[in-house]
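Given only the sequences and the hints, what does the whole structure look like? Please build it.
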Amino acid sequence: MDPFFIITSLLKIVGILFVVILPMVSYAVYAERKVSAAIQDRLGPNRVGPAGLFQPIADMFKLLLKEDFTPRNVNTFYYWLAPCLAVMPAIITIAVVPFGSTLFGVPMVIADVNVGILFVFAIASLGVYGIVIGGWASNSKYPFLGGIRSSSQMLSYELSLGLAVIPVFLLVGNLRLTSVVRYQIEHGWFIAPFVGDWMNPWKWVLAVPMIISFLVFMIAIFAETNRLPFDLPEAEQELAGGYNTEYSSMKFALFFLGEYAAMITGSAVIVTLFFGGWHFPGIPDGSRGWIFGVINIAVFFAKVAIMIFIFMWVRWTLPRFRYDQLMRLGWLFFFEIALVNIFVAAWILAYFPSS
Amino acid sequence: MPPFLFWLFASLMLVFGAAVVLNRNPVASALSLVVSFLGLAALFMSLDAYFVGIIQVLVYAGAVMVLFLFIIMLLNLRAEEGRRINWLAATGGIVVALILVIQIFSVIGHFQAARQTFPSLERSTTDDVWNIGALLFSNYNLPFQIVGVLVLVATIGVVLLSKREPR
Chain P
6 MDPFFIITSL LKIVGILFVV ILPMVSYAVY AERKVSAAIQ DRLGPNRVGP AGLFQPIADM
66 FKLLLKEDFT PRNVNTFYYW LAPCLAVMPA IITIAVVPFG STLFGVPMVI ADVNVGILFV
126 FAIASLGVYG IVIGGWASNS KYPFLGGIRS SSQMLSYELS LGLAVIPVFL LVGNLRLTSV
186 VRYQIEHGWF IAPFVGDWMN PWKWVLAVPM IISFLVFMIA IFAETNRLPF DLPEAEQELA
246 GGYNTEYSSM KFALFFLGEY AAMITGSAVI VTLFFGGWHF PGIPDGSRGW IFGVINIAVF
306 FAKVAIMIFI FMWVRWTLPR FRYDQLMRLG WLFFFEIALV NIFVAAWILA YFPSS
Chain C
5 MPPFLFWLFA SLMLVFGAAV VLNRNPVASA LSLVVSFLGL AALFMSLDAY FVGIIQVLVY
65 AGAVMVLFLF IIMLLNLRAE EGRRINWLAA TGGIVVALIL VIQIFSVIGH FQAARQTFPS
125 LERSTTDDVW NIGALLFSNY NLPFQIVGVL VLVATIGVVL LSKREPR
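Chains as they are written, first to last, in this note's numbering: chain P, 6 to 360; chain C, 5 to 171.
Bear in mind the hints are in silico, worked out from the structure with no lab data behind them.
A quick note: this is a predicted structure, and the numbers were derived from the prediction, not measured.
All C-beta atoms in this analysis are idealised placements derived from N, C-alpha and C, irrespective of residue type, glycine included.
A portion of the hints provided could be inaccurate.
Unchecked claim - Coverage of chain P stretches by chain C, computed from C-beta distances (three or more under 8 Å per stretch; other residues unrestricted):
1) 113-126
2) 134-141
3) 156-168
As the list claims (entries may be wrong) - Non-contacting residues of chain P with respect to chain C, defined by C-beta distances greater than 10 Å in every case (computed):
4) 37
5) 65
6) 67
7) 131
8) 345
Have a look at this one:
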């Protein structure tokens with residue numbers, strides 16, 4: 006294999022993982038606390054460093070130095086395996102997401118596979134194992150109920166998740182995430198295809214299934230990442246913490262980080278599918294000079310940060326659904342909407358002239 | 005793909021496939037099957053069949069096995085773990101498997117095309133997702149639709165069974 010390809014891929018993996026994603030995960034925790042504080046009219050963490058900016062580092066040391074307690078009756082091997090399984094899928098998913106245009110002629114995506122979105126779904130669906138095994142191996146009632154809840158919830162919402170994006174790919178014509186971005190650069194972002202082409206009625210008609218698609222996809226991502234209002238697997242009032250009740254120290258932290266990593270990759274996928282990925286009107290891509298390549302990467306992560314803020318905003322604004330409401334919503338509402346939406350999109354593409 | 009990756013994934017598949025049978029703990033068996041599926045998916049991808057490989061992960065490892073695990077966890081595992089290996093049944097299984105292997109080898113031995121070495125596959129230039137989709141909607145449209153109806157019938161059956169009032 007081409008050594009240049011191997012070296013650039015390694016650089017991209019190390020760069021994106023250790024320079025962007027992991028710091029982003031730890032600062033997402035900080036941001037969560039600051040946003041919740043702002044919404045609840047508090048100050049939030051402000052002791053460690055200026056404006057509490059070193060709080061994640063202090064948190065890390067605190068979690069590392071805590072006693073790593075393993076309860077007596079747990080299934081040790083699976084008890085250790087579960088936290089690893091909780092973090093891994095969320096981080097692997099980022100491999101197919103294009104996070105920039107090109108930098109010095111190297112495409113800014115780790116693996117541009119032709120089954121991009123299916124890869125995202127496949128790896129994300131493996132994320133449920135960490136929670137289920139964690140709940141089961143703890144050998145305790147509350148974590149077990151949390152694990153069972155999470156597996157049924159994730160399975161239910163995966164259906165809406167998969168169906169919701171089909172209209173997008175009906176338009177793009179293949180499953181590559183880079184072609185989704187390419188298509189949006191040429192035809193306008195999927196969230197608002199009419200921008201810049203205001204007089205084109207086709208774009209306005211197209212916006213209807215696209216916005217429905219976006220809403221269903223976003224809500225399904227909320228459910229997939231176990232975020233409020235769908236955080237039933239860890240509902241404190243009912244389950245004393247859920248699947249991670251029996252965990253302590255760094256193992257608990259891994260579950261925690263896994264949730265935030267899933268949120269970041271979820272936001273990255275939403276940005277790629279509906280918000281034009283790294284594209285911003287008026288900014289050329291990396292072929293015009295490396296500075297634009299860097300700007301494109303910055304634009305992508307700025308959009309991801311905005312999505313993460315929306316995740317947090319929703320979390321601290323909406324109350325939690327009851328479990329039966331959640332399942333009914335998934336199966337009797339979003340599933341049908343996503344299904345009908347596919348037919349609407351297909352009908353528009355087949356019978357409505359495109360120009 | 006370098007041959008050592010083929011051997012790696014093939015042995016991963018076989019070892020964990022054996023672990024499915026040998027493990028006494030049903031949860032461990034189910035998880036071994038997941039790893040085995042992942043190995044199979046990697047083998048598919050090594051043949052440039054990305055779509056089949058990723059569907060293997062998405063459907064079997066990601067959905068079917070989660071449902072299995074879900075059911076297994078609700079059962080009483082203590083009873084299962086205590087069960088001894090039934091040596092008579094195990095011997096019968098090994099004999100049947102051996103007969104199958106011998107038969108496969110004898111058939112391959114008489115099959116002319118299986119003896120010659122094929123040139124290694126060239127990198128496919130077309131999109132395999134596109135190819136599968138086009139085939140499903142042209143050549144295999146009728147079987148595809150029949151399978152669709154079959155799955156629908158099964159779904160309706162499940163709804164009917166689960167909705168039935170207990171007497």
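Tell me the hint numbers this structure goes against, listed in increasing order. Number 7 - this is the single hint that the structure violates.
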